[in-house]
Amino acid sequence: MTVAVVGAAECDLGHTGRSAQHLLAQAVRRALDDAGLRLCDVDGLATTSRLPATQLADQLGLCPSWTDSADAGAAVFERYVARAVQAIEAGQCAVAVLAYASDQRSARSRRLGGGYDRGTPEAQFEQPYLPLWPLSYYAMTARRYLHTYGLDRGDLARVAVAARARALANPAAFRHGAGPLTVDDVLAAPLVSSPLGTLDCCLVTDGGGAIVLTSLDRARHLPHPPVAVLGYGEAVTHAAMATPEDLLTTGVAASGARAFAHARREPADVDLIQLNDSFTVSVPLGLEQLGFCPPGSGAAWAGTPVNTTGGGLSYGHPGQLGVLLVIEAVRQLRGGCGPRQIPGARTALVHGTGGIGSSHATVILEAA
Amino acid sequence: MSIDTEIPVDEVTEPWWELTRQRRLAVQRCGVCGLAQLPPRLLCTGCGGDELELGAAGRRGIVDSYTVVHRAPAPDVAVPYTLARVRLVDGPILLTRLVGDFEPRCDQPVVLTWLPLPDGRALPAFTREL
Ligand SMILES: [Zn+2]
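Line order of the protein sequences matches chains B and Y.
All residue numbers for the first sequence refer to the numbering used here, where the first residue is 1 and numbers rise by one.
All residue numbers for the second sequence refer to the numbering used here, where the first residue is 1 and numbers rise by one.
Source of the hints: derived by calculation from the structure; they are not laboratory data.
There could be a bad hint or two in this list.
Stated by the list, open to error - Distance windows between CB atoms, simulated:
#, chain 1, residue 1, chain 2, residue 2, range
1, Y, Asp107, B, Gly177, 42 to 48 Å
2, Y, Leu54, B, Ala239, 20 to 26 Å
3, B, Tyr116, Y, Cys33, 29 to 35 Å
4, Y, Glu129, B, Gly115, 33 to 39 Å
5, B, Thr148, Y, Gly100, 23 to 29 Å
Remember, predicted model here, so these are calculated numbers, not experimental data.
The beta-carbon is built from N, C-alpha and C at its ideal position, and this holds for glycine as well.
Please model the entire structure based on the sequences and the hints provided.
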């Protein structure tokens, strides 16, 4: 363990009226301020393919020696943590900034059917049936999950209820002032793609953020206690809805197992779980696949805290949640999260999922 | 069903699509390892071989999972409709639709039917076995 996260910040969240590129620059500035570093210290930069690092570097007046701009959905930021660690260890850059921002709520750019590239097999063999993308995939996963374990929609609703309760303790959450949610509220909300209703689905908000990584040696001279990257793992499983043999054996398992092995940790060591919750079913299935609890029991999970911000369901979801999952983990491990602080939190697991459960990356962070 | 644009084909998948004009469902079989796969690919996902041929698929399948879409992905699309993952007796899973008046469930047996397309091709769909 030689590299640490030294800066972390969100850009504005919700309905901002701002454009993505300026939200992105705002996130970078705030994360650098948090790290006690300046723009001229940055020589590594990663964003997503939607707003490539080339563009952001120009916007910021940087000529970085390491960049990345991959298209791997929300998993990409957990993957970038691994890539940044490797780049810093290899001497390719000294200070890496990983940044994301979206104006999807202000720009009304989110489409239920998603966007199929005409050159893909899915454009021929899946799009003609008009699935909601990614929603219908998670809906079929949820249906199979409920069928296999003899559960019903009420069991999944508890996940949304718990997320709202956490958002009420987080002033930055989009639903912070919305009041508590009940299982009946979730069940009464209109169905979108059964068994998932509107309150089983993540929010659509503007937002994003940035994190700053550098060597652990340098991190010890910066303002905040460093949060070391202890280990990481990845997995890619499919692009098409028809490909997975079993909807309930996801890439979370392989990615998580690789990260635990790399970090030499196990689920019992983890004080905080930050898990992509684009849909309610992702939480119980994710906890089970990571090895925190047995199959079919995740909806009743009351162990290690999960998604302390309120998550994608009640905090905010700017299209790709990955960077925000890391930011909250860093804050919790530093301490000082106010009413939502997990006392003595020392180790966090962050798992990002992209596409239709297609790409996965897990990072294990520890207060150094 | 409403489909805005003509469904694309490529040089590997075109023969499969042509068979749908005769309402024939095909799977691609590997001459080396025997694996059946869909959609048609250049290489076998089982062994990497390229000796692949289209062969007739069985008409029966099992519903792996399904979802009823209540919110239209585009303004001209009528809802609700039922999407499903159906596992063919030959092995491959298809994303498809369930049609006809029945309450679907996971692990239910279903049988092939066709949804005609304006250009004479057709989309495989499934319905309850009589
Ligand atoms: Zn083969």
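> Falls inside 42 to 48 Å, the C-beta gap from Y/Asp107 to B/Gly177?
Replying inline: Once the Cβ atoms are compared, 44 Å apart, the range 42 to 48 Å for B/Gly177 and Y/Asp107 holds.
> Within 20 to 26 Å or not, the Cβ separation of Y/Leu54 and B/Ala239?
Replying inline: holds (22 Å)
>> Between the beta carbons of Y/Glu129 and B/Gly115, is the distance compatible with 33 to 39 Å?
In response: holds (36 Å)
> Does the hinted range 23 to 29 Å hold for B/Thr148 and Y/Gly100 at CB?
Replying inline: With Cβ atoms ~25 Å apart, the hint holds.
> Do the Cβ positions of B/Tyr116 and Y/Cys33 conform to the proposed distance bound of 29 to 35 Å?
Replying inline: holds (30 Å)
The structure fails none of the hints (numbered hints given earlier).
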